[in-house]
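Dock the two chains into a complex; use the hints.
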Amino acid sequence: NAGVTQTPKFQVLKTGQSMTLQCAQDMNHEYMSWYRQDPGMGLRLIHYSVGAGITDQGEVPNGYNVSRSTTEDFPLRLLSAAPSQTSVYFCASSYSHGGQMYGYTFGSGTRLTVV
Amino acid sequence: DAKTTQPPSMDCAEGRAANLPCNHSTISGNEYVYWYRQIHSQGPQYIIHGLKNNETNEMASLIITEDRKSSTLILPHATLRDTAVYYCIVRADWTGSRLTFGEGTQLTVNP
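Residue numbers (the numbering used here), protein chains in the order written: chain A, 1 to 115; chain B, 1 to 111.
Isolated chain B, as found in the complex (with noise of 0.2 angstroms):
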């Protein structure tokens, strides 16, 4: 699985969008992009995926650059209760059941 990097930690204010980046500059074709949280003491709780194009579910938005070697998830308001670690993982489908979890960034959501 392609190695990826996050800022250690980020602040946001309460109600503004929360732009949380990761670089995977050595995602090969066959990658697929994912996004996890977990907030204090809790499981992960998985976001969204993508492989190329832009993603959106309830929860948030996936922007994946074209070249693939970057990409952001986008929390559109953020709020006091999205406070927690993210993590951006990087995989291929054929490595089954396999989720390697990196140090993530630490979203501070503030009041």
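Isolated chain A (complex conformation) (with noise of 0.2 angstroms):
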């Protein structure tokens, strides 16, 4: 198993300039998440998924959109990048059994910087 697999690893746009991250998992986990880790700064939720075709937001979802069609990908667009998300991002995923939640594995992260 790869485990959770972030494309890029590096990136930087100018203000104003749209992208996508990608993240997908072989796992077969149905939780997914997207996170944003500012410098010296603890780890925010963006969105998270508990399903193909089912998202929300988290504490941080402005400027940020998600989609989740397949169990495997949950790609995160920025629409407009402003410095401000200017952040290291990590995608998540986990799963459920027997009631109880597991551990969440991460991805090893994408660093951008918005000029």
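These are computed hints drawn from the structure, not numbers from a lab. Fair warning: there could be bad hints in the mix.
In silico DMTMM-like cross-links for lysine to aspartate or glutamate, where the CA-CA straight-line distance does not exceed 25 angstroms [what the hints assert, rightly or not]:
1) B/K3 / B/E66
2) B/K3 / A/D26
3) B/K52 / B/D67
4) A/K9 / A/D26
5) B/K3 / A/D38
6) A/K14 / A/E30
7) B/K3 / A/D56
8) A/K9 / A/E72
9) A/K9 / A/E59
So, in structure tokens, the structure goes:
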């Protein structure tokens, strides 16, 4: 298993540009999430999904869109990049079994700089 | 999800046990305690979780007090590679995939 794969690893955008951060997992996990981590700060939840076709907002959703058309993929779209979106973005996936939620597997992150 | 309180930083000598405390005095009956760690610049790594019984896996042990108001993560023989920020998270399964990270504890393992 490759686990959670994020692409690209690094990206520089100009203000106003749009782009999609890709996230794919091959573990058949139903739960997927996107987080951002600003320098020296903790992780903040952007959007999450509890299954294909179902998404919901986290604590910092403004400026981002997501969709979940398949179990494997959970892309994050930046609509119009702003310098405040300069951050490291992490995608994560998890599953439940027997009524219990198991630990998240995180990707290695995408380091985004908006100039 | 219940709020957690962790010390901002701790030190540990290499080869000794690292005991990381977490206070979650407002935890409710259906909430689990999860521990993650984040080594500099990497994605967080799941360590262990538990409800009320003590748990052990290949990475660590989790001790939860009988009243469930606090817990301790134990790394039995800390190595330099265990230097990381450790996060204690309390959440209920019904919240689905929401996972809220606090400030965590910066553990530094010294040679």
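Out of the numbered hints, which ones does the structure contradict? Those not satisfied are hints 2 and 6.
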